[in-house]
Amino acid sequence: MTERRSRRGPGEPRARPRARRLRRILLTAALDPVLSRPGYWLATGAALGWALALGRGRLRREDGLIVADRLPRWAFGRGGTTIGGVFLTSRDVGPEVLAHEAVHREQWRRFGLAFVPLYLAAGRDPLTNRFEIEAGLVRGGYLPAAPARDATTAGGTPSRASGRT
Numbered sequence: 001m002t003e004r005r006s007r008r009g010p011g012e013p014r015a016r017p018r019a020r021r022l023r024r025i026l027l028t029a030a031l032d033p034v035l036s037r038p039g040y041w042l043a044t045g046a047a048l049g050w051a052l053a054l055g056r057g058r059l060r061r062e063d064g065l066i067v068a069d070r071l072p073r074w075a076f077g078r079g080g081t082t083i084g085g086v087f088l089t090s091r092d093v094g095p096e097v098l099a100h101e102a103v104h105r106e107q108w109r110r111f112g113l114a115f116v117p118l119y120l121a122a123g124r125d126p127l128t129n130r131f132e133i134e135a136g137l138v139r140g141g142y143l144p145a146a147p148a149r150d151a152t153t154a155g156g157t158p159s160r161a162s163g164r165t
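Heads up, the sequence shown is in my numbering, so the first residue is 1 and it goes up one at a time.
If you're looking for bench data, these hints aren't it; they were derived computationally from the structure. Nothing here was measured: the structure is a model prediction, and the numbers come from that model.
The following label-pair restraints were derived from C-beta to C-beta distances:
id : residue 1 : residue 2 : range
1  : Ala-19    : Arg-70    : 48 to 54 Å
2  : Pro-72    : Arg-16    : 46 to 52 Å
3  : Ala-53    : Arg-16    : 47 to 53 Å
Positions of the beta carbon are idealized from the N, C-alpha and C atoms, including for glycine.
Put together the whole structure using the sequences plus the hints.
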């Protein structure tokens, strides 16, 4: 049996740390606001153009997020979609959903147009998609809110050690 010989010299670093270092440099460059912000603004402009082209929506601003509601349901995915700084939806939504969508807006600001392939690579299932988890599954309506816990539901029956029955 022959031994496999390493092609690197005795003092030469291994390829894996070099590849990790290169990946870190590329990610840092891609996330630099100089590169990501133009993508964010392009996506925001495209979403505004889409909302205006549909002509049936209403535009308003909510905590830094542009909300285009009353749009036709076929115009976007799920209950609504945030593209850049614009949330496209067919219905009037509450503060919880808007807080969820505001996180997606920040994700667009952080990643720019790279957010599209990153989001798709994270998967279609919102329960395992890292971007949906970061935005909050309960706030986004993907999971039911946990019921409020009081003394009777939190620990079952009152403690006998306290003298109460």
